[in-house]
Every structure is written in C-alpha cells, then in structure tokens.
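S.K.: Chain by chain, the residues:
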Amino acid sequence: MNFDPTDDRRMLADSISRYLADNYGWEHRLKIAYEAPFHDPQKWAEMSELGVLFALADESAGGFGGAGFDIYTVFSELGRALCPEPVLPALMAAKLLAAAGEDLTPLLSGKTRYAVAIGELSAPYDLDEIETEASGDTLSGRKSVVYGAHGADTFLVAARNGDTIGLYAVAADAARLTTYGLIDGGSAAELFLEDTPARCILSDAAAAFADAQDAGALALCAEAVGAMDTCKDTLLDYLKTRKQFGKAIGSFQVLQHRMVDLTIEIEQARSITILAASRMGTPEQSRTVSMAKNLIGRVAKQIAEESIQMHGGIAMTWEYPASHYAKRLIMIDHQLGDTDYHLQRVMAANQAA
Amino acid sequence: MDLNFSAEELAFQNDVRAFLADKLPREFADKVRANKELDKAELERWHAILNERGWLAVTWPVEYGGTGWSPVQRHIFEEECCRANAPRIVPFGLHMLGPVLIKFGTKEQCDAILPRILDGRDWWCQGYSEPGAGSDLASLKTAAVRDGDHYVVNGQKTWTTLGQHANKIFCLVRTSKEGKPQQGISFVLVDLDTPGIEMRPIKLIEGGYEVNEVFFTDVRVPLANLVGEENMGWTIAKYLLTHERTNIAGVGFSVQALEQLKSLARQERRNGKRLMDNPLFAARLSEIEIDLEAMKITNLRMLSDAQKNGAPGPESSMLKIKGTVIRQTINDLARRALGPAAAPFPSEDLENAALAPADHMHNAAEYFNNRKISIFGGSNEIQRNILTKAALGLS
Numbered sequence: 001m002n003f004d005p006t007d008d009r010r011m012l013a014d015s016i017s018r019y020l021a022d023n024y025g026w027e028h029r030l031k032i033a034y035e036a037p038f039h040d041p042q043k044w045a046e047m048s049e050l051g052v053l054f055a056l057a058d059e060s061a062g063g064f065g066g067a068g069f070d071i072y073t074v075f076s077e078l079g080r081a082l083c084p085e086p087v088l089p090a091l092m093a094a095k096l097l098a099a100a101g102e103d104l105t106p107l108l109s110g111k112t113r114y115a116v117a118i119g120e121l122s123a124p125y126d127l128d129e130i131e132t133e134a135s136g137d138t139l140s141g142r143k144s145v146v147y148g149a150h151g152a153d154t155f156l157v158a159a160r161n162g163d164t165i166g167l168y169a170v171a172a173d174a175a176r177l178t179t180y181g182l183i184d185g186g187s188a189a190e191l192f193l194e195d196t197p198a199r200c201i202l203s204d205a206a207a208a209f210a211d212a213q214d215a216g217a218l219a220l221c222a223e224a225v226g227a228m229d230t231c232k233d234t235l236l237d238y239l240k241t242r243k244q245f246g247k248a249i250g251s252f253q254v255l256q257h258r259m260v261d262l263t264i265e266i267e268q269a270r271s272i273t274i275l276a277a278s279r280m281g282t283p284e285q286s287r288t289v290s291m292a293k294n295l296i297g298r299v300a301k302q303i304a305e306e307s308i309q310m311h312g313g314i315a316m317t318w319e320y321p322a323s324h325y326a327k328r329l330i331m332i333d334h335q336l337g338d339t340d341y342h343l344q345r346v347m348a349a350n351q352a353a
Numbered sequence: 354m355d356l357n358f359s360a361e362e363l364a365f366q367n368d369v370r371a372f373l374a375d376k377l378p379r380e381f382a383d384k385v386r387a388n389k390e391l392d393k394a395e396l397e398r399w400h401a402i403l404n405e406r407g408w409l410a411v412t413w414p415v416e417y418g419g420t421g422w423s424p425v426q427r428h429i430f431e432e433e434c435c436r437a438n439a440p441r442i443v444p445f446g447l448h449m450l451g452p453v454l455i456k457f458g459t460k461e462q463c464d465a466i467l468p469r470i471l472d473g474r475d476w477w478c479q480g481y482s483e484p485g486a487g488s489d490l491a492s493l494k495t496a497a498v499r500d501g502d503h504y505v506v507n508g509q510k511t512w513t514t515l516g517q518h519a520n521k522i523f524c525l526v527r528t529s530k531e532g533k534p535q536q537g538i539s540f541v542l543v544d545l546d547t548p549g550i551e552m553r554p555i556k557l558i559e560g561g562y563e564v565n566e567v568f569f570t571d572v573r574v575p576l577a578n579l580v581g582e583e584n585m586g587w588t589i590a591k592y593l594l595t596h597e598r599t600n601i602a603g604v605g606f607s608v609q610a611l612e613q614l615k616s617l618a619r620q621e622r623r624n625g626k627r628l629m630d631n632p633l634f635a636a637r638l639s640e641i642e643i644d645l646e647a648m649k650i651t652n653l654r655m656l657s658d659a660q661k662n663g664a665p666g667p668e669s670s671m672l673k674i675k676g677t678v679i680r681q682t683i684n685d686l687a688r689r690a691l692g693p694a695a696a697p698f699p700s701e702d703l704e705n706a707a708l709a710p711a712d713h714m715h716n717a718a719e720y721f722n723n724r725k726i727s728i729f730g731g732s733n734e735i736q737r738n739i740l741t742k743a744a745l746g747l748s
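Residue numbers (our numbering), protein chains in the order written: chain A, 1 to 353; chain B, 354 to 748.
Derived by calculation from the structure, the hints in this document are not laboratory data. All the given hints hold, so there is nothing to weed out.
Taking lysine to any residue pairs in the SDA-like style, the calculated list, with each CA pair at most 20 Å apart, reads: (1) A:243 to A:312; (2) B:742 to A:254; (3) B:649 to A:2; (4) B:649 to A:278; (5) B:626 to A:344; (6) B:615 to A:351; (7) B:389 to B:722; (8) B:649 to B:427; (9) B:742 to A:249; (10) B:649 to A:285; (11) B:649 to A:284; (12) B:376 to B:386; (13) A:243 to B:748; (14) B:384 to B:723; (15) B:661 to A:4; (16) B:494 to B:537; (17) A:240 to B:738; (18) B:626 to B:694; (19) A:301 to B:640.
With these hints in hand, go ahead and build the complete structure from the sequences.
M.R.: Listed below in structure tokens is the structure:
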C-alpha cells in the first residue's frame with residue numbers, strides 16, 4: 001500500500017503545474033476561456049511537448065501513460081489552474097482511436113484535434129438511448145453540447161448501425177455546426193448531421209464508447225479535485241485576511257467548522273477519485289467511476305456554493321478568480337453524467353444482486 | 354500509487370482469517386451480528402482466546418506481551434474482526450492505559466499492571482468526564498489532595514463505560530489550581546475496592562446499561578499510583594487522543610453494518626417488491642455506500658501516513674467526524690428499513706414472533722445507542738475545533 005505518486009508522475013505533475021503558472025496566467029486564461037476560438041494553438045503545442053497528451057495513451061498506442069493514475073495526474077493539474085484547453089475530448093478520442101486500431105500520432109503530437117460526439121438532446125448521457133443513425137457512408141441526427149467542437153479537425157461520432165452502435169469519423173468541414181461559449185469557459189457546439197459523409201472506424205463500438213466515457217468521467221473527477229484544492233486554498237487565505245467586526249473572519253467558529261467540513265469532503269472526493277483511478281481496466285471500472293462521479297458531483301456543489309457564501313460578495317464578481325472555479329465545479333456535473341445519473345448506475349448494481 | 358496490501362500483509366490477513374474461523378465462538382459472532390450485548394464472562398473469554406494467541410494487546414510492543422504490529426497490521430486485524438463479527442476488545446486497559454503506562458509509567462508500574470491486564474485479572478475503566486466537565490474536560494474538579502503518602506480524592510466522574518465490570522479505574526484529577534486549568538491535572542490509578550467509592554449505573558436512551566457515574570468521597574490513593582509527574586495529566590490525555598486512535602473511523606463496523614443493511618433490503622418486501630427495488634431507499638443506500646467507499650480509502654491514506662510518520666496527524670479527527678456520521682446514517686437506514694417492526698423493545702418472545710429478521714431486532718436500539726459515537730471521545734464539534742487549529746491554522 002502506497003499513496004505516493006511514482007517519480008515519473010510527480011515530475012509530469014510538476015512540469016504541468018509550472019508550465020501553467022508561468023505561461024497560462026489568469027488574464028490569459030480568461031481570454032481563452034471566454035473568447036473564440038476558446039483555444040490557444042501555441043500553448044496547445046507546448047503542452048503537447050510537455051507530454052500532456054502523450055500521457056493519455058499507453059505505449060502500444062504511441063503514448064507513455066494511459067493508466068487511471070496518468071489521467072488523474074494530468075487532469076488534477078489542469079483543474080488546479082482551471083485550464084480551459086480541450087484536453088478532455090483529446091483523452092476520449094485517444095481511447096476511441098486506440099480501440100479502433102487507428103494511428104494516434106496526429107492526436108498525441110497535438111497536430112490534429114478531435115471532438116467526441118455522443119450525447120443528444122434527449123439522451124445527454126446514455127449511449128443506449130441515442131437516435132443518430134448511419135445509413136451506408138452517411139450519418140443523420142443531431143449531437144448536442146459537443147465539447148471542444150470549435151476548431152476541431154475531426155468529429156468522432158456515435159451512431160446506430162442496425163443493432164450495434166458504431167464509431168464514425170466525420171471531417172469538420174463536412175458537418176454543420178452551431179458553436180457557442182460556455183458559462184464556465186470553453187466552448188461546445190450543436191452538430192447537425194444531415195446525410196453527412198462519415199467513415200466507420202469501428203462497427204461495434206459500444207464497449208469502446210463506454211470505456212471512453214468512463215475515462216472522461218474519471219478525468220472530470222480529477223479536474224474537480226484539483227479545482228477544489230485551489231478553491232479551498234483561496235478561501236482559507238481569505239478567511240485569514242478578511243476582517244469584519246475588527247477581526248479576521250476566520251476567527252468565527254461558524255465559518256471555522258464549515259471550513260473543516262469542506263476540507264473533509266475534499267479528502268473524501270480525492271479518495272474516491274484515487275479509488276476509481278486504481279480500478280480502471282478492471283471489471284469494477286464502471287461502477288467505481290460512477291461512485292466517484294456521484295460523490296464529486298455532491299462535493300463540488302458544496303465547495304462551490306460554500307466558497308461563494310463564505311467569501312461573501314467578492315466571490316459574486318467576474319473579477320475574482322474563485323467565482324470561475326465555482327462555476328467550473330458546478331458545471332462539471334453537467335458533463336458525462338450528473339450526480340443522479342451515476343447514482344442510478346450504482347443503484348442498478350445493488351438491485352441486480 | 355498502489356492500493357493493495359503487500360504479500361506479507363496479505364499473508365497476515367490470511368492468518369487472522371484462519372484464526373477467527375477456528376477460534377471465534379459462533380455464539381459470540383451471532384450476538385455481535387444481532388447487536389446484542391455480550392456479558393462480562395463472554396468478553397473475558399474472548400480476551401482470553403486472543404491472549405492465548407498473543408493477539409490481545411494490539412497496540413503494545415512485543416517486550417510487554419503485545420503484538421508489536423504496524424498500523425497496517427492493526428488495521429487488517431480490526432477489519433477482519435469486524436467482518437467475522439468478533440466482539441470488540443474492551444479498550445480501557447488494552448488500548449488506553451497500556452500505552453500510557455508504556456510511555457509515561459515507571460518500570461515498576463508496567464511490570465505490576467500490564468500482565469494483569471493481559472491475563473484478565475484486572476478490568477480497567479476510565480474516569481475522565483464529570484458532570485461539569487464534558488467537552489471542556491480541562492475544567493474538571495475531582496480533587497486529589499496530598500496527605501502523607503496518599504492522595505485524598507473527592508469528586509464525581511461520569512460516562513464510565515462498563516465500570517460495572519471493572520475493579521480498577523484510571524482518572525484525571527485536579528492536583529493544582531495554579532496556572533491554566535490544563536496545568537493542574539494528574540493521571541492516577543485507583544482501586545475500585547478502596548473505601549469511599551460508589552458506582553451507580555446510568556440508564557441510556559435505548560434502555561441499556563453500559564455507562565456509570567462514579568462518586569469519590571475521601572478516597573485514599575497511594576502516591577505511587579500517580580502516572581508520570583504530578584500535574585502532567587493533560588499531556589497524557591492528549592497523548593491518548595492523538596496516538597491511540599486505532600479504528601477511529603469505525604470503517605470495519607460500517608462495512609459490516611452496510612452488508613447487513615443490503616441483505617435486509619433484499620429480504621424486506623413492500624407492496625410485493627423488495628425494499629431494494631424502491632428507488633428512494635436504493636438511492637439512500639447507494640449514496641451512503643459511496644461515502645463509505647471513499648472513507649475506506651481516506652482511512653487507508655491516513656494509515657499509510659501514520660505508518661510513515663510513526664503517528665497519525667490531526668487529520669485523524671477527520672476520520673472520526675466523517676466515519677461516525679456514515680455509521681449513524683447506516684444505522685438510520687437499518688431502522689427505517691423495518692418500518693413499524695422497528696418499534697418494539699427487543700425481547701426473546703418477539704424473536705419467536707418473527708416480527709423482523711432475527712439479526713435486526715435491535716436496529717432501533719442500535720440507532721439510538723450509536724448517537725453516542727459522534728459525542729464520545731471528543732464530540733465531532735470538538736474534533737472540528739482541533740482541525741481548525743491544527744489542519745487549517747485558523748485561531
């Protein structure tokens with residue numbers, strides 16, 4: 001039993017953390033997060049050189065990582081700095097392309113950007129419920145809130161193909177898109193497929209999509225843990241410096257005990273995410289990821305809301321970074337399955353026995 | 354990161370399992386599973402079985418007859434004991450006084466007292482809290498005044514768990530009124546046969562008797578029964594709080610309770626369906642299961658730190674706060690799962706009436722009794738005060 005990261009992962013975490021601190025300052029972050037194209041190609045290339053993308057795939061696919069704890073390492077650091085770059089779609093695309101036996105080099109080197117289109121308006125999380133259909137070499141349907149779509153080169157799309165769900169590659173210039181910015185930074189798009197040309201790269205891809213969704217959910221959990229750590233540091237610092245009634249507000253027990261509770265919940269959130277990372281690639285993967293995503297959903301909401309409340313008015317302002325952390329922590333629950341969705345998956349496992 | 358036990362630890366786990374399968378009396382496990390109390394003779398018999406194997410004093414070094422186990426080994430042992438529904442080791446002599454004597458006592462005290470704890474000749478109980486000194490323990494008033502080669506003790510202790518079985522008590526007493534309240538406290542050992550001591554049982558919320566009041570009137574205690582130096586009792590009390598927090602999260606108990614709850618939810622039927630298939634109940638159960646899964650890892654993370662640093666940090670207060678709340682929530686669901694059948698006082702007549710599954714007759718009593726776990730050993734509010742200072746640096 002050992003909860004220390006390996007030396008390699010510690011070095012990776014340090015280099016991502018240092019890079020983002022030195023090169024992705026807060027003002028720059030705000031600009032990228034909230035203004036088109038919601039992406040900085042130069043920083044993307046530099047992050048790729050650091051290994052941010054190579055860490056997401058295993059050696060057989062041309063990367064140097066790909067395990068649960070690699071995902072945990074990368075996304076915790078991205079979350080700590082609230083980095084808005086679309087790394088999550090890259091992770092999910094890497095999983096899908098590897099499952100299909102495709103060449104990952106263009107993705108891992110940062111040259112080609114992919115967006116993954118699974119969810120639909122009436123089936124935001126559940127692969128089994130999607131309606132988009134393949135007919136020959138074309139797709140028809142609508143994919144909703146496709147993250148990282150803006151500026152993506154290729155879409156990896158889930159579509160019905162008779163009794164199976166297939167994985168299709170759609171060139172960006174072949175698709176009709178409506179892109180928009182997101183309330184917590186970054187962008188997404190509606191993807192309208194109207195007899196759109198597509199290349200089937202894996203005809204029975206349900207398992208591959210489930211695996212990519214699990215990996216993505218784990219990444220979101222890790223991102224939330226990193227963001228919560230920063231959120232807590234900021235709040236604690238504020239409690240020590242902000243004075244009211246002639247003393248630091250951190251001297252009031254009503255805030256002290258709430259701060260302790262937040263600290264405990266963050267450790268619980270970290271623990272369940274570590275557990276989920278450790279179970280990737282095992283038969284327990286999906287159930288444990290759902291446990292993690294459910295707890296993260298609950299804790300992230302508590303941290304976000306308490307951070308705003310305990311700060312007071314300042315955390316209601318755009319100017320104060322904690323407000324943006326709070327937004328991200330809340331909106332993570334809207335990606336790849338929310339608290340209720342994942343609780344139902346855990347319930348289903350209990351009811352099956 | 355590696356969440357698995359080492360090969361040696363797994364081998365140890367197998368030894369513990371084999372021992373429990375072989376030596377734990379079935380009737381004890383049946384009682385523990387059903388949340389029934391074990392009587393004094395049964396608890397003593399279990400201690401003797403463990404002592405025979407050399408596994409009674411899990412926190413003591415080998416030279417004093419302890420196991421010398423690492424924190425991880427202790428954890429594995431506790432986990433397996435919970436899984437097997439073994440009775441809990443009575444902690445006062447073994448987990449509390451023993452380590453205090455080994456750290457602060459004289460060699461004579463260790464030699465005279467520790468063997469009697471191991472072989473069961475002495476049953477110790479604890480005299481810390483007083484009617485006017487609960488969370489504010491340092492304000493305790495029970496006084497020990499020197500008179501020749503004795504202290505004369507006057508005052509009242511309370512919440513003395515299983516005092517009715519004990520022949521000895523270790524107490525925090527006031528030996529000085531100078532300086533801060535913490536600076537005038539001493540740790541003394543008292544023979545319960547000494548004239549002037551009266552023990553009265555306190556009936557608890559669910560109707561059981563496990564705690565007592567202890568009254569001291571001109572009780573003469575030899576000066577040799579002082580542990581450590583006079584007026585350093587607070588240091589000893591704090592040592593106990595930070596060092597002897599094995600299983601403070603109660604994860605093993607919660608794991609066992611959750612397994613029983615799941616089994617109950619699959620047996621109980623409501624309107625032709627299993628309770629487990631009621632989405633509201635299944636959601637509550639699954640949510641607490643998730644909290645417990647996280648707690649298991651939080652517990653292991655802190656254990657791993659303790660293994661590295663020699664002692665758990667103030668973070669162990671987190672385990673107590675969250676661990677007790679999780680356990681209480683499971684108790685709450687186990688009570689609710691029975692519906693009206695949770696209401697009767699447990700009795701043997703009712704067991705024959707099969708009102709509720711036999712192992713669950715005590716669910717309501719257990720729920721009420723376990724409201725104590727977020728109060729004793731430093732209430733969860735006191736734990737938050739500790740964390741405020743030690744983990745957050747707020748004052």
